[in-house]
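Visitor: With the hints as extra help, turn the sequences into a complete structure.
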Amino acid sequence: MLECERRLWADGYERIAGLDEAGRGCLAGPVVAAAVVMPPETELPIIQDSKALTEAERLDAREQIEETAITHAIARCSPEEIDEINILQAALKAMRRAATDCQPPPDFLLIDGNQWDRTLTDAPWPYETVVQGDATSQSIAAASILAKTERDASMRELHEEHPGYGWDTNVGYPTQQHYEAIAEHGATPHHRQSFTLLRE
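Note that this note's numbering has the sequence shown beginning at 125, numbered continuously upward.
Be careful, since some hints might not be right.
The following label-pair restraints were derived from C-beta to C-beta distances [said to hold, decoys possible]:
hint, residue 1, residue 2, range
1, G136, D292, 45 to 53 Å
2, E127, E191, 17 to 25 Å
3, E252, T195, 16 to 24 Å
Please keep in mind that the hints were generated in silico from the structure rather than gathered at the bench. Because the structure is a prediction, the values reported are computed rather than measured. Note that the Cβ used here is the ideal one computed from N, Cα and C, for glycine as well.
Guide: Structural data, given as structure tokens:
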């Protein structure tokens, strides 16, 4: 999973940050992004696409990533920000925050997907978008794992405040149980009011 990174290392880049986010498709909770810079030529076999790992494997992988990374950072955008600027822009904003929070700063970004904010003409980083990057780039896969584990943990904490919505299991995603809970109890302050279901 180091093909992208090795090409960029050969071009002289040293601190390549993988960026990914979790929670774009949810009805509730923040969108969470992570940036991870791994040491050159360091390969962690446990790192795969976080969607292919069990929860226990993701937590184990997170521990190894945090112990090994040169730097990493996690950032989020709240439901209020999502409602204000839309979910795509909020996800990109969270990724920018994570990249900015990395110290030492990255000198190149590998971004999961095919979107980036091209209006950032003064952005300090060159970048490349990678479709399905969490399955092909170790740096992006590591960021995916950090973002997902962080977001899942935050939704389980919110479940303690609002136990009727099943956030301990659905972590804010649109399940039948979640739909029925919204119909019965209404939306919470943690729901994204701009999403179609919640406007009806």
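Visitor: List in ascending order the numbers of the hints, as given earlier, that are violated by the structure.
Guide: Of the numbered hints given earlier, the structure breaks none, since each of them holds.
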